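Visitor: Let the hints inform the model, and build the full structure from the sequences given.
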Amino acid sequence: MKYLLAALAVSMTASAASAQSCPSWQSGDLTLTNAWSRATIGPARPAVFYVEIANAGSVDDSLTAISTPLAEMPMLHETVVTDGVATMPHVSDIPVPAGSTVSLAPGGFHGMLMGLTAALAEGESFPMTLIFERSGEVTIDVGIAAYAARGPACQPDDS
Amino acid sequence: MPTRRQLILGAAAVVATAAGTLALGAWRSRRNPPQTDASPLPLALTEMDWRLTSQRGVPVGPGDWIGRPALVFFGFTWCPDVCPTTLINISDWLEELGEDAEALTIALITVDPERDSPEVLADYVSLFDARITGLTGTPDEIARTAAAFRVRYEKMPREDGDYTMNHTAGVFLFRPDGRFAGIIDFHEDPAFAIPKIRRILT
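Each protein sequence line maps, in turn, to chains A and B.
Sequential numbering of the first sequence, starting at 3, is according to my numbering.
Sequential numbering of the second sequence, starting at 27, is according to my numbering.
To be clear, the hints were calculated from the coordinates, so they are not data collected in a lab.
Any given hint could be a false lead.
The calculated label-pair distances, taken between Cβ atoms and stated as ranges, are [claimed, not checked]:
| # | chain 1 | residue 1 | chain 2 | residue 2 | range |
| --- | --- | --- | --- | --- | --- |
| 1 | B | Thr72 | A | Ala58 | 55 to 63 Å |
| 2 | B | Asp211 | A | Ala148 | 21 to 29 Å |
| 3 | B | Arg224 | A | Ala100 | 39 to 47 Å |
| 4 | B | Met182 | A | Gly153 | 22 to 30 Å |
| 5 | A | Gly30 | B | Thr228 | 54 to 62 Å |
| 6 | A | Asp85 | B | Ile220 | 22 to 30 Å |
| 7 | A | Pro129 | B | Met182 | 28 to 36 Å |
| 8 | B | Thr228 | A | Pro71 | 50 to 58 Å |
| 9 | B | Pro221 | A | Ala58 | 34 to 42 Å |
| 10 | A | Trp27 | B | Asp75 | 51 to 59 Å |
| 11 | A | Glu74 | B | Glu73 | 41 to 49 Å |
| 12 | B | Pro66 | A | Ala148 | 34 to 42 Å |
Calculated cross-link-like contacts (lysine to any residue; reagent style SDA-like; alpha-carbon spacing at most 20 Å) [as the list claims (entries may be wrong)]:
| # | chain 1 | residue 1 | chain 2 | residue 2 |
| --- | --- | --- | --- | --- |
| 13 | B | Lys181 | A | His92 |
| 14 | B | Lys181 | A | Val83 |
| 15 | B | Lys181 | A | Gly117 |
| 16 | B | Lys222 | B | Ala70 |
| 17 | B | Lys222 | B | Arg201 |
| 18 | B | Lys181 | A | Arg47 |
| 19 | B | Lys181 | A | Ala150 |
| 20 | B | Lys222 | B | Asp126 |
| 21 | B | Lys181 | A | Ala120 |
| 22 | B | Lys222 | B | Ala133 |
Quantities reported herein were computed from a predicted structural model and do not represent experimental measurements.
Idealized CB from N, CA, C, for every residue including glycine.
Guide: Pasting the structure below:
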């Protein structure tokens with residue numbers, strides 16, 4: 003039995019090591035996790051920024067801006083499909099209501115990083131500052147996944 | 027500026043087509059309220075007339091796709107969210123279809139021919155799946171192609187002089203005989219995509 007438990011422990015460690023769990027950041031009642039981006043072909047194309055924001059508090063908050071040394075013009079956008087036509091309007095803020103989780107994720111809200119100072123390379127990361135109406139600023143580290151990645155390279159925290 | 031002129035021509039063609047459709051609808055049912063079909067359906071491939079260039083520099087027309095089922099969508103490689111997401115979805119479908127996917131023609135037609143040269147498309151498409159063909163052409167050729175698919179696109183200038191594109195985002199399905207078979211919408215439940223594709227494979 004002891005051996006079995008030891009084997010189990012080893013295998014669990016091994017599976018955890020194959021994809022590290024995504025880091026999370028705290029700012030007041032907000033928890034930010036699953037932050038990721040995709041590698042870009044050169045610096046001319048805009049990059050994307052995704053993250054998950056949970057508000058455990060009892061007061062609504064909203065994400066009003068993002069900023070990173072990697073891009074001269076980072077903006078918040080939402081992909082909207084109307085009559086089959088996809089548009090990507092700029093959004094002035096992304097609400098993070100009390101007690102709920104908001105995802106910046108493919109096909110919905112996302113950060114669009116224009117005017118890149120360098121191409122984004124898979125496996126690297128960059129700092130991103132998120133500015134919230136109530137919780138203020140929080141700077142997180144955004145991992146860069148592959149060009150064709152569906153999600154972060156780290157193991158998403160689904161809790 | 028040839029591009030702007032072309033877009034206006036393209037828009038005019040779409041408006042003319044829409045007006046024609048509405049006129050036909052009104053003629054069909056004079057007493058009923060006019061039809062307001064915002065998204066007319068693509069023509070059959072056999073009724074289309076356009077010629078584009080693949081990422082390998084090979085000319086391609088709608089006739090080249092007759093005989094195989096086809097998945098066709100419009101996008102552009104400077105697009106940070108919609109286009110990678112669509113390409114990733116398609117890669118997933120191809121994986122799930124396994125060997126059956128070999129029968130498919132899969133094409134991305136750019137709505138941004140100014141930036142998407144065959145070389146740019148080659149670099150981009152290869153990141154997702156080698157079976158996807160990227161097609162580009164002159165702004166005139168793209169406008170003509172988009173009109174045949176009833177696809178709308180629009181250049182959205184930004185303050186810094188750069189621009190992005192609004193465009194029809196679904197994936198069009200065509201049967202081997204060229205008939206239009208349906209659309210997989212951008213936000214469609216992935217569970218419905220595979221059965222839709224299987225229907226054109228038979």
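Visitor: All the hints need checking, so say for each whether the structure fits it.
Guide: Status of the hints after comparison with the structure:
no.	hint	verdict
1	Thr72/B / Ala58/A: 55 to 63 Å	holds (58 Å)
2	Asp211/B / Ala148/A: 21 to 29 Å	holds (26 Å)
3	Arg224/B / Ala100/A: 39 to 47 Å	holds (45 Å)
4	Met182/B / Gly153/A: 22 to 30 Å	holds (28 Å)
5	Gly30/A / Thr228/B: 54 to 62 Å	holds (56 Å)
6	Asp85/A / Ile220/B: 22 to 30 Å	holds (25 Å)
7	Pro129/A / Met182/B: 28 to 36 Å	holds (29 Å)
8	Thr228/B / Pro71/A: 50 to 58 Å	holds (54 Å)
9	Pro221/B / Ala58/A: 34 to 42 Å	holds (40 Å)
10	Trp27/A / Asp75/B: 51 to 59 Å	holds (55 Å)
11	Glu74/A / Glu73/B: 41 to 49 Å	holds (46 Å)
12	Pro66/B / Ala148/A: 34 to 42 Å	holds (38 Å)
13	Lys181/B / His92/A	holds (15 Å)
14	Lys181/B / Val83/A	holds (16 Å)
15	Lys181/B / Gly117/A	holds (19 Å)
16	Lys222/B / Ala70/B	holds (17 Å)
17	Lys222/B / Arg201/B	holds (11 Å)
18	Lys181/B / Arg47/A	holds (16 Å)
19	Lys181/B / Ala150/A	violated (25 Å)
20	Lys222/B / Asp126/B	holds (13 Å)
21	Lys181/B / Ala120/A	violated (25 Å)
22	Lys222/B / Ala133/B	holds (17 Å)
Consistency note: the structure conflicts with the earlier hints numbered 19, 21.
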